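Protein chains: 2
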Amino acid sequence: MSELTPLHAIGEFALINRLKKKVHTAQASTVLGIGDDAAILAPAAGQEVVVTTDLLVEGIHFDLSFCPLRHLGYKAVAVNVSDVAAMNATPTQIVVGLAAPSRFTVEAVEELYEGMRLACEAYGVDLVGGDTTSSRAGLVIAVTALGQVAAGQAVRRSGGQPTDILCVSGDLGGAYLGLQVLEREKQVFLADPEAQPELDNYEYVVQRQLRPEARLDIIHELRELGVTPTSMIDISDGLASEVMHLCAASGTGARLFSEFIPMANPTLEAAAEFNLDPITCALNGGEDYELLFTIPVADHAKIKNHPDITVIGHLTEQSDAVNLIAKGGQAVPLQAQGWTAF
Amino acid sequence: MSELTPLHAIGEFALINRLKKKVHTAQASTVLGIGDDAAILAPAAGQEVVVTTDLLVEGIHFDLSFCPLRHLGYKAVAVNVSDVAAMNATPTQIVVGLAAPSRFTVEAVEELYEGMRLACEAYGVDLVGGDTTSSRAGLVIAVTALGQVAAGQAVRRSGGQPTDILCVSGDLGGAYLGLQVLEREKQVFLADPEAQPELDNYEYVVQRQLRPEARLDIIHELRELGVTPTSMIDISDGLASEVMHLCAASGTGARLFSEFIPMANPTLEAAAEFNLDPITCALNGGEDYELLFTIPVADHAKIKNHPDITVIGHLTEQSDAVNLIAKGGQAVPLQAQGWTAF
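Which chain is which? The protein sequence lines are A and B, in order.
With the numbering used here, letter number 10 in the first sequence gets 44, and the count goes up by one each step, no holes.
With the numbering used here, letter number 102 in the second sequence gets 136, and the count goes up by one each step, no holes.
These aren't lab readings, by the way, just hints derived from the structure by calculation.
The structure presented is a predicted model; accordingly, all values stated were derived computationally and were not measured.
A portion of the hints provided could be inaccurate.
[Claimed, not checked] Some chain B residues close to chain A (C-beta under 7 Å, calculated; not the full set): (1) Asp71; (2) Pro77; (3) Val84; (4) Thr86; (5) Asp88; (6) Leu89; (7) Gly93; (8) Asp97; (9) Leu98; (10) Ser99; (11) Val118; (12) Ala120; (13) Ala176; (14) Ala188; (15) Arg190; (16) Asp354.
Even glycine gets a Cβ: it sits at the ideal position worked out from N, Cα and C.
If we strip away everything but chain A, and leave its shape as in the complex, we get:
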């Protein structure tokens, strides 16, 4: 049996020293990482810096009864990298604030950081600083990500033009159905702690929930295809809410075709099993971390054969509002249910 070390037994400085040993910096722009009052970065000449921050709060964003700490660490980084990617930027550094209950062990915190380290490696990001402290209640993870983009090349939500094509990466709705599966298994477990979780048939949707990937690959591929989106946003709160944000910022309406919304087979199967409308899951489920972006009609030919980009509609004049077009052609004004944090 391995022995576990409670956090209070080693204290903050010793914990930081333990975590620091596993962190290595690789970015050219990292001058100084962990260990001083602040990290020092030297952005490359001609680059702008983007910065974004996200909080993950226990009991709100994750449930430790079914969320492995390593996946949680990975996700905390990925969701911030996703925001950087949505600016058309390349992530470079993160800083991490962690408030952990003293019931946590050093080994648990190390497992969380191992997930962050794996994500940093996957996305080519340096962990350059942070803050660790105690929490009277649950675990809180605050990640701030920095990225770089050539000056003037950042893509905002506001650049969409009427007639632009509306595209989405990957497929939607999976993360929400993964959450339904995990919550059902939790109830089964609570009723009968001897029960084994039945997750084998839900691998895809569970992974979409527990370990989403930021679509940095799409950013790189669009660059290779010579396509710069006119506007972009990442899908964290559900497609409906993100389309509404993008249209509000761009001063446009949109027509979104429900039959074009990309859904993976395991997502459709899980939706059927849970008696949920898959389109609703995609529109309002959230946490898919795919990219929603617009491109000029003239660029359509460049992306139409991309296996992981789907055209789901187009922008319109603002006066046309944001409409979901059902299979029969009927237009329904879109309601952003989104995910309300309070």
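Since the structure of chain A is provided, determine the placement of chain B on it from the hints.
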């Protein structure tokens, strides 16, 4: 009677819109502030970027029963600006993560942001982004601050040389005694809710605790005096712990003279009343947010008449260890009690 709005009544997006209206950006390097997936910054040519993050957690770092929200907002910004200053950098932007219990009202969150806005104004910093979410337990504030410094001019903890003079700004121990006063008044109030708090005689120490200032002024003045510290750290955990950090990073020892440690009269009076050794309060109390730095002996003449900089000792060879020299000349090896977060 004014009506208060519970957070859940307006939701996250409406809250962000309300907060956003009061935020204006002024920094030349802020290209895009709140409202997109990330903020966009354009650091000036030849500048490096510093980044630091700090969490403030209810029940650990602050007690809402005696900490006004406006002061708390101010402090959350100031403690991060203090870290930027400790790198010899000028703060430029912050992003703010906020997890608030749903018992909070919109007005309470606005009061917190008003404090942050005042601090941003005082330090010339733009609030460029953030994340707001719910919390099952207490309030958590995660601030990340960015700053700029001419390439190569950042001051690290590690640059101290044996024989360098050890200096501190302002005075120490006040914040800790302010906390003692506030906690005593809280106990009085809990025992008798009719009792009025008696804080009039403790204005100085209470303010040191509730609304510390980052010593950005010292950074500017040192520049005007033509002095670049060889090493620097801000005093958040107590002088003892910070001297130990600085010496460990610089590979030196130090001699610290207890009679030179600057203490304000109200701090000395409060210490006497609480039967506390004032030197212990300065060494281990923490939260003073003054700057501890080293300069070459040759620069001593430049700072010796500065009313707010005190020479408290000097660095030595590492083999001499870190010693506190008592009034009688007796050397006592310093113990970093610091503040243990767990």
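Practice item. Grab the minimum C-beta distance from Pro77 (chain B) to chain A and call the hint holds if it beats 7 Å, violated otherwise. Key: Given a least distance of 6 Å, the restraint on Pro77 (chain B) holds.
**Request:** With a cut-off of 7 Å on the beta carbons, see whether Ala120 (chain B) makes it to chain A.
**Result:** holds, 4 Å
query: Does Val84 (chain B) pass the interface check with chain A, least Cβ-Cβ distance below 7 Å?
result: Holds: closest Cβ of chain A sits about 4 Å from Val84 (chain B), inside 7 Å.
Just to be careful: measuring from the Cβ of Asp354 (chain B) to every Cβ in chain A, is the smallest value less than 7 Å? With a closest approach of 22 Å, the Asp354 (chain B) hint is violated.
- Item | Status of the Val118 (chain B) interface restraint (C-beta, 7 Å, chain A) | It holds, given that the least Cβ distance between Val118 (chain B) and chain A is near 6 Å, below 7 Å.
Discussion item. The hint names Ser99 (chain B) as touching chain A; please verify it with the least Cβ-Cβ distance against 7 Å.
Written reply: Violated. Min distance 14 Å.
Quiz item: Quick one, is the Gly93 (chain B) hint okay against chain A at 7 Å, beta carbons?
Solution: holds, 4 Å
Task: Per-residue hint verdict: Leu98 (chain B), partner chain A, C-beta under 7 Å - done: violated, 12 Å
message = Given Ala188 (chain B) as an interface hint, is its Cβ closer than 7 Å to any Cβ of chain A?
response = Where the cut-off is 7 Å and the nearest Cβ of chain A is about 5 Å from Ala188 (chain B), the hint holds.
Does Asp71 (chain B) pass the interface hint, meaning its C-beta sits closer than 7 Å to a C-beta of chain A? holds, 4 Å
For the hint on Leu89 (chain B), does the least C-beta distance to chain A fall short of 7 Å?
-> holds, 4 Å
Checking hints one by one. Is Ala176 (chain B) an interface residue toward chain A, by the C-beta closer than 7 Å rule? holds, 4 Å
In the structure shown, a violation is registered for the earlier hints numbered 8, 9, 10, 16, in ascending order.
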